[in-house]
Amino acid sequence: MIKTVGSAFRATLLAGALLAATSLTAAAEVVYHRGNDGNPETLDQHKTSTVAEGHILRDLYEGLMVYDARAKVVPGVAESVEVSDDGMVYTFKLRDAKWSNGDPVTAGDFVYSLRRIMTPETGAKYANILYPVKNAEKINKGEAKPETLGVVALDDKTLEITLEQATPYFLELLTHQTGLPVHPASVEAHGTDFVKPENIVTNGAYTLAEFTPNDKLVAVKNAHYHGADNVAIDKVIFYPIEDRASCVRRFEAGEIHSCSDLPTDQIAALRTKFGDQVRTPPYLGTYYYSFNMKKPPLDDVRVRRALSLVVDREYIGEDIWGGTMVPAYSLVPPGINNYGEPVEADYKGKAMLDREDEALKLLGEAGFGPDKPLKLEIMYNTSENHKNTAIAIADMWKTIGVETTMVNRDLASHYAHLREKGDYDIARAGWIGDYSDPQNFLFLVESDNDGFNYANYANPEYDALMDKAAAETDLEKRAEILRQAETLFLRDLPFLPILYYSSHSLVSPKLSGWEDNLQNVHPTRLMSIGN
Amino acid sequence: MLGYVLRRLFTAIPTLFFIVTGAFFLIRVAPGGPFNLERPLEAKVMENLNKIYHLDKPLWEQYLYYLGNLMRGDFGPSFVYRDFSVSELFASGLPVSVQIGASALVLALVFGTLLGVAAALRQNQPADYGVVGLATLGITIPTFVIAPLLSLVFGVWLGWLPAGGWGDGAFANKVLPVVTLALPQIAVVTRLTRGAMIEAMRSHHIRTARAYGLKPWTVVVVHALRSAILPVVSYAGPAAAALLTGSVVVETIFGIPGIGRYFVQAALNRDYTLVMGTVIVIAIFIIIFNLVVDLLYALIDPRVRLG
Chain F
1 MIKTVGSAFR
11 ATLLAGALLA
21 ATSLTAAAEV
31 VYHRGNDGNP
41 ETLDQHKTST
51 VAEGHILRDL
61 YEGLMVYDAR
71 AKVVPGVAES
81 VEVSDDGMVY
91 TFKLRDAKWS
101 NGDPVTAGDF
111 VYSLRRIMTP
121 ETGAKYANIL
131 YPVKNAEKIN
141 KGEAKPETLG
151 VVALDDKTLE
161 ITLEQATPYF
171 LELLTHQTGL
181 PVHPASVEAH
191 GTDFVKPENI
201 VTNGAYTLAE
211 FTPNDKLVAV
221 KNAHYHGADN
231 VAIDKVIFYP
241 IEDRASCVRR
251 FEAGEIHSCS
261 DLPTDQIAAL
271 RTKFGDQVRT
281 PPYLGTYYYS
291 FNMKKPPLDD
301 VRVRRALSLV
311 VDREYIGEDI
321 WGGTMVPAYS
331 LVPPGINNYG
341 EPVEADYKGK
351 AMLDREDEAL
361 KLLGEAGFGP
371 DKPLKLEIMY
381 NTSENHKNTA
391 IAIADMWKTI
401 GVETTMVNRD
411 LASHYAHLRE
421 KGDYDIARAG
431 WIGDYSDPQN
441 FLFLVESDND
451 GFNYANYANP
461 EYDALMDKAA
471 AETDLEKRAE
481 ILRQAETLFL
491 RDLPFLPILY
501 YSSHSLVSPK
511 LSGWEDNLQN
521 VHPTRLMSIG
531 N
Chain L
1 MLGYVLRRLF
11 TAIPTLFFIV
21 TGAFFLIRVA
31 PGGPFNLERP
41 LEAKVMENLN
51 KIYHLDKPLW
61 EQYLYYLGNL
71 MRGDFGPSFV
81 YRDFSVSELF
91 ASGLPVSVQI
101 GASALVLALV
111 FGTLLGVAAA
121 LRQNQPADYG
131 VVGLATLGIT
141 IPTFVIAPLL
151 SLVFGVWLGW
161 LPAGGWGDGA
171 FANKVLPVVT
181 LALPQIAVVT
191 RLTRGAMIEA
201 MRSHHIRTAR
211 AYGLKPWTVV
221 VVHALRSAIL
231 PVVSYAGPAA
241 AALLTGSVVV
251 ETIFGIPGIG
261 RYFVQAALNR
271 DYTLVMGTVI
281 VIAIFIIIFN
291 LVVDLLYALI
301 DPRVRLG
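Line by line, the protein sequences are chains F and L.
For the first sequence, full-length UniProt numbering begins at 1 and goes up steadily by one.
For the second sequence, full-length UniProt numbering begins at 1 and goes up steadily by one.
Just so you know, the hints here were simulated from the structure itself, not pulled from any lab data.
Heads up, none of these hints are tricks.
Listed below are the simulated EDC-like cross-link pairs for lysine to aspartate or glutamate, each with C-alpha atoms no more than 20 Å apart in a straight line:
{"id": "1", "chain 1": "F", "residue 1": "LYS235", "chain 2": "L", "residue 2": "ASP168"}
{"id": "2", "chain 1": "F", "residue 1": "LYS145", "chain 2": "L", "residue 2": "GLU42"}
{"id": "3", "chain 1": "F", "residue 1": "LYS141", "chain 2": "L", "residue 2": "GLU42"}
{"id": "4", "chain 1": "F", "residue 1": "LYS141", "chain 2": "L", "residue 2": "ASP56"}
{"id": "5", "chain 1": "F", "residue 1": "LYS196", "chain 2": "L", "residue 2": "ASP83"}
{"id": "6", "chain 1": "L", "residue 1": "LYS44", "chain 2": "F", "residue 2": "GLU137"}
{"id": "7", "chain 1": "F", "residue 1": "LYS375", "chain 2": "F", "residue 2": "GLU356"}
{"id": "8", "chain 1": "F", "residue 1": "LYS196", "chain 2": "L", "residue 2": "GLU88"}
{"id": "9", "chain 1": "F", "residue 1": "LYS387", "chain 2": "F", "residue 2": "ASP319"}
{"id": "10", "chain 1": "L", "residue 1": "LYS51", "chain 2": "F", "residue 2": "GLU143"}
{"id": "11", "chain 1": "L", "residue 1": "LYS44", "chain 2": "F", "residue 2": "GLU121"}
{"id": "12", "chain 1": "F", "residue 1": "LYS141", "chain 2": "L", "residue 2": "GLU47"}
{"id": "13", "chain 1": "L", "residue 1": "LYS51", "chain 2": "F", "residue 2": "GLU137"}
{"id": "14", "chain 1": "F", "residue 1": "LYS421", "chain 2": "L", "residue 2": "GLU47"}
{"id": "15", "chain 1": "F", "residue 1": "LYS138", "chain 2": "L", "residue 2": "GLU47"}
{"id": "16", "chain 1": "L", "residue 1": "LYS44", "chain 2": "F", "residue 2": "GLU446"}
{"id": "17", "chain 1": "L", "residue 1": "LYS57", "chain 2": "F", "residue 2": "GLU121"}
{"id": "18", "chain 1": "F", "residue 1": "LYS468", "chain 2": "F", "residue 2": "GLU164"}
{"id": "19", "chain 1": "F", "residue 1": "LYS134", "chain 2": "L", "residue 2": "GLU42"}
{"id": "20", "chain 1": "L", "residue 1": "LYS51", "chain 2": "F", "residue 2": "GLU121"}
{"id": "21", "chain 1": "F", "residue 1": "LYS93", "chain 2": "F", "residue 2": "GLU82"}
{"id": "22", "chain 1": "F", "residue 1": "LYS138", "chain 2": "L", "residue 2": "GLU42"}
{"id": "23", "chain 1": "L", "residue 1": "LYS44", "chain 2": "F", "residue 2": "ASP450"}
{"id": "24", "chain 1": "F", "residue 1": "LYS145", "chain 2": "L", "residue 2": "GLU47"}
{"id": "25", "chain 1": "L", "residue 1": "LYS44", "chain 2": "F", "residue 2": "GLU420"}
{"id": "26", "chain 1": "F", "residue 1": "LYS421", "chain 2": "L", "residue 2": "GLU42"}
{"id": "27", "chain 1": "L", "residue 1": "LYS44", "chain 2": "F", "residue 2": "ASP448"}
{"id": "28", "chain 1": "F", "residue 1": "LYS196", "chain 2": "L", "residue 2": "ASP168"}
{"id": "29", "chain 1": "L", "residue 1": "LYS44", "chain 2": "F", "residue 2": "GLU143"}
{"id": "30", "chain 1": "F", "residue 1": "LYS468", "chain 2": "F", "residue 2": "ASP86"}
Chain L regions said to be covered by chain F (calculated; three or more residues, Cβ under 8 Å):
{"id": "31", "region": "40-46"}
{"id": "32", "region": "260-271"}
C-beta: ideal position from N, C-alpha, C; glycine also.
Work the whole structure out from these sequences, hints included.
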């Protein structure tokens, strides 16, 4: 794909040499006006945590491995990679890449960077994503020295990474923004200010020229980038647009080439107006309700199953979310890597009336009926769509005699309450995967996962399966074990999966090279702008 | 006069101190913290962050630490905009908010007064009803309706002005946000001026001025407007403080990099230092503009003596 774009661009330049008029057009700066979800909280790749930052950082820096336009993992700064037979040692050969100030990118830069993110004083929010690296977790918890990290520069062009245990998705982990290198000399010289436009040195297709919060972030082409000849867009301007409807207006006025999110309540109208410029491909995420399994009667699997049975996911996805969410009958979203045929709840596709009958029977067995109705409270974080979803579900539960009340809090309070194991019956939550592997979803309900296991699910059998999968290096056998784990999950239902996420973008026909993908990554270096 | 101003500024210090103290403890009452995100952090990571931002210390110690920094003019680092200090955020955002707010204020005062006077002089005539009707409409339609509407009409349909964005402060980018901010203010100022003007035109000194045979222009502008403008001045003080410190709605909808958004964003994100900074800036603006109003009163109304 990029090859053809590049040669077309060169052909234009050639024509330009012959015709003065054409050379004017060819010389004109190509600017991509790119709508982004919001402000980056930081441009420090080691403190980063948000999707908005990911879009920017992937343009500014290049990691060992990178995503291509279809979110396939391909070598970046690494030219080639060798994996030892036991899957524990990765040896990367680095290409001749340069930083934006002309310095060579060396294996030592990666050693420095990976040690920096694990050092507790850095305050890295996402350090745990690289915990598969040997000693990483210990270092991050202050139990070992940064020098003991399993990352070694054999020479300037050879990097060896040793893992704690075989991790089949390790190469994809390196594409995450946390795996991007920093320029050690700049960090040493400027401290936390190394991210300022006047100090920053990057190794990606672009480098930072300007950044004003709530206004824009300007990145210009990095002439030292090894693929610079194939980069068609000279300048990319990221606009942090928190009001989704504003982005649509600016897109319609021709001020912006793409929006990274859309107002879901207007999707139907937007589709009519913009046709296939509206892109809503599946996204690597699941929207679910967590049951508080510590609290009767939700400790009873019959109650949880009854509540799950009568949720009409098709209605919620289509009518509440305007068709931008996909009905979910499992925790792991479809299309994920390393999983094969997904496992789904047995009641998928069954008639709603039969599901209601079964639910009523289960509730009866659990001791609930017209004379003793089940009373529950749904807790959600404040948002129009979450509210409408909760109302719809409460209405569905009413058909089996459940009386539902609701309480909402702002996002910070909601998650603080869950994290601190506050009292609740049923809580709304969502999870967007950081890498395309079922482990990244199924680990949510491992009994020792303090942060995410809101349901307080503790099933030794499930934990054992997860441990077994972690030790298995054969991908097919591993997938089979993980599917067994999800089968257990669907039997016990600590969470009630409701919807799979879709990403929502608006993409101008002028912009080519934007490919829909599950990870919703769209590197600017692979795009071009026509008339 | 100078003594009065200095005295007023001096008494503002304890006021500010109480505001700072109240705000500091109030925001801490809200559940959650700056690092409670949708994605929970590893316990150890959270501990590291709390240590970096001194959140691991007892609250009173944090309070003293904050006060100490404040004395030195340091508002601290932002918890959520981690690459910036609160002072840096204000340095880039405040001039933008002040520009937009001041333009809207001037627009509101000029047009509001003109329309108000015009309506008052034609009391109970069609022109008066027209102005009063428009003004009522202006007060009742909220900015979150006007802003998208203006952006849609002038930005998208007609294509005369940018639909949003700051454009490095280009004139065209400022028009719609300024107009949006000014419209409800024009409406209020119009109604205030009209009411006060009608009253002034019936007062004894105007009747006397007319009896002397002064030109209608002199009667209206020099004599009637001078007393009619007083309620507008008292309204304009707090209004100016509010306008100059930015508007959440206008900034969000038009993508303006002012400080109006920080207050709401910071409160929702529990960005403690940024909340405090915004509270202090708004408090200072209110104190200053209240003082300005009092000085203007003395200037316009000879009966008022500062003391």
